[in-house]
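Those sequence lines, one after another, are chains E and Y.
Just so you know, we're using this note's numbering here: the first sequence kicks off at 1 and counts up by one.
Just so you know, we're using this note's numbering here: the second sequence kicks off at 1 and counts up by one.
Don't read these hints as lab results, they were simulated from the structure.
Wrong hints could be hidden among the right ones.
[To be verified] Cut-off 20 Å, straight-line C-alpha distance, at most; resulting in silico cross-link-like pairs (PhoX-like, lysine-lysine):
no., chain 1, residue 1, chain 2, residue 2
1, Y, 156, E, 361
2, Y, 105, E, 365
3, Y, 9, E, 361
4, Y, 112, E, 366
5, Y, 107, E, 366
6, Y, 91, Y, 69
[Stated by the list, open to error] Calculated Cβ distances over 10 Å to all of chain E for the following chain Y residues:
no., residue
7, 30
8, 82
9, 83
10, 86
11, 87
12, 90
13, 91
14, 94
15, 95
16, 96
17, 127
For clarity, every value in this text was computed on a predicted model and none was experimentally measured.
The C-beta atom is built at its ideal place from N, Cα and C for all residues, glycine as well.
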Amino acid sequence: MAQIEIADPLYQAEKLTREYAARLGPSLIDDRILKEFDRIRDFITRDFADTLSERVDKYSELGSERVESLTGLVSDIDVVLTHISRDLDRCFEIEEGNTCRASPEAVDALRRVEDRVVEATGQKCIITTRSVAEVLNSLSSCIHRVADFLAETKAVSKRCSISEKSNPNNALVEACKAWDELVDKLNELRLYAPEDVIPLQGIIVDDELMMRVGSAAGHATHIDLEKGTLEYFDRDDNVNIAMQDYFERYAGLDCVTSSNGVNCKGVNKDNVKKVAKILAFATSKDFRLDNPESYYLGNERLTRFLSEHGIEVPVPKEQIQEVRNALKEYIAAVEEAVKEAPTRFKPRLEELAKEVDEVLKEVNKKIEELRPLVTS
Amino acid sequence: MSEKESVLKKYTDLRNDLEAGSHRLFLRHIIDIYNIKGSIEELNESLSLDDNDFIGALYNISSLVEDIKYKVITYLQGDFPQSFFEYNYGKYIKDEQIDPAIRNKLKEIGNKVIENEKDPLIQRFNNTLEKFEIQRDNLDNYIDSFIEEIDGKLIKYFIEHE
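Excised from the complex, chain Y in its bound form (with noise of 0.2 Å):
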């Protein structure tokens, strides 16, 4: 492949990941605000439930949790957020043989994107994200260890007085 070869298909790489990009930036439109409501009502249900069956919803929860999340980053970021556009445009910027001009203002983009991930309610949203994931794999881990004990006392039983 001749140097100018190279480089046309550079650009053609460029303007596909450009217009997913840009196809991503419109999915906010889609997103239904009802649905994203709806859920955190089932959300807020699980919470009166007792403990057993709070357990017992954890996967739903979870599920739930994870496809409000996609949809809150799609709603607020436009399924656009700094982890995409790095994995993305990352190698254009740095690329010498793209125009200085463009590459300048895929950098721009990129500010602008790493500065709407900083808002607070951004980070807040990131942050109770996280720590809920956390309690979750705590609660799950807690949860095996515990099953591993019943079936332990069950043997124990069976083996001492059967």
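This is chain E alone, in the form it adopts within the complex (with noise of 0.2 Å):
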């Protein structure tokens, strides 16, 4: 029976059906192994599965659209694992065991299961596909690539975290470092909401870099080095035309806005560290959309930061003046209309009341009139 050694079950998964064709290839089927591949089969639609689903929830979280191929693998491996049960108690029958061969549909399965890995991760898995032996390890062979592409990160600053598996664009992470430092200033300076700042961080896998930038569900950015894009998810329309200016403004970049988000071209390694800082100013800027007042009139820590650094800020003297002044004509204009209601304004309300009340008098007397006529 195959031991379970490694901590991460897609791992596990990888090496349980690795190990299991391995054993498969000379042996006759018997009882023994069909029990062995119901438990493999349980810890793939159980463990394998859930870890699976967490992990992609992560990436998605972050907007990776690659990982969306992947969130029907689980079902799609059990159709495989279907055919390869019916082909083990085919095999057992007629007692064949490492020429034990696989069905067209558990083959058919597994390419389905290999399009979606091409997907995720641009990389084939199947090897051979003659016998179960051969599907079960290419079937490893793809939960390998999934495993690598999914594996666990390593943190390289405080918010920012490699795929230890993949190749990490060096100039990602310098750009992730900088918008995590970037973060804490601007967290310094209070100009973020408290719940935002804590599910800030980036992954970097390979070419690109996925982000959150917010609390918000979705509120991610998926920026793609080797393709030059940049997508920011947000759905308030304010948030999505500030940023767009500042990403075409201060990255060069060429940006469309749309309800969901923004969607740049143009980011390469020369301006990627400009991009992920401007995004720093995407988090709680909703926020500070909606609170000027104490994200930034009555901020103290910035309007010092400001001063010291010679960031001259106007404040609205002029129209602040005369809202003060129309707000003291309608005080006045309330106050005389309080002070001439009662002897101005009542006696023709009572009037009115009265009339109002001669008129329903008059149309309850139409409405007795009327009614026997309609109900005979």
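Assemble the dimeric complex from its two separately framed chains, guided by the hints.
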């Protein structure tokens, strides 16, 4: 019986299927082999499925579209295992071992698994598919590709991690670190809502940087350095318009805004650090737009920082004075109205109320006249 | 539905609308004048705030203005202004299936409501309210662009200096 030694269930699944395939090769199919297969299948549909789902969710939250294809992976693997189970039963009946051939259905199902793996990782995983052992060996290879792709990450800064099994692009690592440092500075300047800071993180996998830039569901960013693209996901129109302006003005990107966020072209290794720094301003942008007084005008730390660094920000004194003047006039009008109301308006309203009641009586009379005619 | 049923329905609807109007005219009596005065006091206090605090209190100021607006309209017009009258009774005045005597009485009520609304005191109240709302929206818009300017200047600073 295969021993489960590795902590990560994704690699455990890979090991179990690989070792089972190796054992299956020279053996005749017997009860023990069939029971072991059931155990592996249970493990894949339970522990492997749970871990895979958690990792896929984590990457999805960061805006990775690549992992979407992995959402149906477990059910596709289960289809492979169902056919393999039938193949094993068949071989058990006719006492075939290393020659136990894989059914076309098992091979087709395995190809669907490979399609998903290729979509996510860009790598094929089928080796050979003649026998059941070979199909399982290929399945193990596919699981290995996925496990590598979703491998646990290693922190490179407070909020940035790299996927250990990938080959993280150095420009992205540096960009993520610059973003991370700026997040700390902007947080010190009290430009963030506290709840928005906790979930911030970035993960670098090969040429992609996936970031979570806020606490709202889907508030993520995906930078693909190979394609030169940036996808910023946000449903707040005002924030999207501002972010598009920043990306274009300060990083020279070419962007389009939609209701789902901002899509940009033109990201490269030279400007990606600027892009990452701009992304630090996406966090809590909605809060800042809605509460300018607490985040900007009444924010002493920010005001001090701006003044120390020679950044001039004019207070809208003229506009404030206009509001004060209008408010004074409104107050005066209300005070006069309240003073005059009892003598000037009360009698008019009483007269109106009387007249409305009179019409009401007339209308009731009409209703009484009409009702018998309608019911008869 | 027969014609008689249709006419009966119209009178029944008119009765319901008149009852609602009568209720609104009665609402004047429940307005607590001290409550309006208390809100005015709060608004007066906000005028003495410095610019930053005044902007900070802007949302609260707007809420107070809105609250006072409803109460004053109810106090002066019984929450029965021209817009309410036209929306609720205009269709009956034009409807030839309604007794002309009733339509005429409704028209007379409407004229009095319009006349009341022309009172210089109500005009002044509405004008100053409109002016406040315009100036407040101007300030809001200015603050929005002003915020963009701060974030923009910070981005420029952090890109150039660090």
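Is the Cβ of residue 90 of chain Y farther than 10 Å from every Cβ of chain E? Non-interface label stands for residue 90 of chain Y: nearest chain E Cβ at 15 Å, farther than 10 Å.
Please verify whether residue 9 of chain Y and residue 361 of chain E have alpha carbons no more than 20 Å apart. holds (16 Å)
With a cut-off of 20 Å on the C-alpha distance, tell me whether residue 91 of chain Y and residue 69 of chain Y pass. With Cα atoms ~27 Å apart, residue 91 of chain Y and residue 69 of chain Y exceed 20 Å; violated.
Is it correct that the beta-carbon of residue 96 of chain Y has no partner in chain E closer than or equal to 10 Å? holds (14 Å)
When you check the alpha-carbon spacing of residue 156 of chain Y and residue 361 of chain E, does it fall within 20 Å? The given pair, whose Cα atoms are some 73 Å apart, is violated under the 20 Å limit.
Between residue 112 of chain Y and residue 366 of chain E, does the CA-CA distance stay at or below 20 Å? violated (24 Å)
Closest CB of chain E to the CB of residue 94 of chain Y still more than 10 Å away: Consistent with the label, residue 94 of chain Y stays out of reach of chain E, its closest Cβ about 16 Å off (over 10 Å).
Does residue 91 of chain Y really sit off the interface, with its C-beta more than 10 Å from all C-beta atoms of chain E? holds (14 Å)
Is the Cα-Cα distance between residue 107 of chain Y and residue 366 of chain E 20 Å or less? holds (18 Å)
Grab the minimum beta-carbon distance between residue 83 of chain Y and chain E and tell me whether it stays above 10 Å. holds (15 Å)
Decide, holds or violated, for the assertion that all CB atoms of chain E are farther than 10 Å from the CB of residue 87 of chain Y. holds (15 Å)
Find the nearest Cβ of chain E to the Cβ of residue 95 of chain Y and say whether that gap is larger than 10 Å. Holds, since 13 Å exceeds 10 Å.
In this structure, the earlier hints numbered 1, 4, 6, 17 are contradicted, and the remaining ones agree with it.
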